[in-house]
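**Student:** Sequences and hints are given; from them, build the entire structure.
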Amino acid sequence: MIGIDSNILVRLFIEDDREQAEAVVELFAKNGPRSIRVSQVVMAETVWALRRSYGRDKTSVVAALLLLFGREELVFEGRSTLLAALERYQRGNADFADYLIAASNIDAGAVPTFTFDRKASTQPGFARLPTRTN
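In the numbering used here, the protein residues as written are 18 to 151.
In short, the hints are calculated from the structure, not lab data. Careful: at least some of the hints might be erroneous.
[As the list claims (entries may be wrong)] Just the calculated beta-carbon pair ranges, DEER-fashion: (1) Asn-24 with Phe-86: 17 to 25 angstroms; (2) Leu-84 with Gly-126: 26 to 34 angstroms; (3) Arg-149 with Asn-48: 38 to 46 angstroms; (4) Leu-100 with Gly-72: 43 to 51 angstroms; (5) Ala-38 with Phe-131: 35 to 43 angstroms; (6) Val-92 with Ala-38: 20 to 28 angstroms; (7) Ala-127 with Val-92: 35 to 43 angstroms; (8) Gly-87 with Arg-149: 22 to 30 angstroms; (9) Arg-135 with Gln-107: 13 to 21 angstroms.
Idealized CB from N, CA, C, for every residue including glycine.
**Tutor:** What follows is the structure in structure tokens.
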């Protein structure tokens, strides 16, 4: 098994460097089923890059992630946690990384996840940590 970084996944969807995109396709083609590990951090970075660096909308990012989950070469760290985070991200208004943090904490029995993030704090599994001024 091999591991990959987020920029490898991004190249599957963003063809801003043809040579790199071709190298990724070749890498996937020469590896068999369940031979490429994708960490939760890589998934969070991939979403961030697609949204912030490449300006993709949430709908297209969700579609991209669903395509990744269908690839037989890929093994996802905490697949069920990632899918729970993706489901919440699709419906909610916080960032994917926030939902991933909450889903990971829920899996560990750590509920709620306290935050100062106004968007995240309104979502299931989160609570806003009060300060003296709020």
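**Student:** Determine for every hint whether it applies to the structure shown.
**Tutor:** Hint check:
A beta carbon spacing of about 19 angstroms between Asn-24 and Phe-86 agrees with the range 17 to 25 angstroms that was offered as a hint. Distance hint check: the CB atoms of Leu-84 and Gly-126 are about 32 angstroms apart, consistent with the given range 26 to 34 angstroms. The hint said 38 to 46 angstroms for the Cβ distance between Arg-149 and Asn-48, and at roughly 54 angstroms that hint is violated. Between Leu-100 and Gly-72 the beta carbons are some 25 angstroms apart, a value that contradicts the proposed interval 43 to 51 angstroms.
At roughly 41 angstroms, the beta-carbon separation of Ala-38 and Phe-131 lies within the given 35 to 43 angstroms, and the hint holds. In this structure the hint that Val-92 and Ala-38 lie 20 to 28 angstroms apart at CB holds, the actual value being about 22 angstroms. With their beta carbons about 25 angstroms apart, Ala-127 and Val-92 fall outside the hinted range of 35 to 43 angstroms. Judged by the Cβ atoms, the range 22 to 30 angstroms given for Gly-87 and Arg-149 is violated: they are separated by roughly 49 angstroms.
The beta-carbon spacing between Arg-135 and Gln-107, approximately 20 angstroms, falls within the hinted interval of 13 to 21 angstroms.
When held up to the earlier numbered hints, the structure conflicts with 3, 4, 7 and 8 and fits the remainder.
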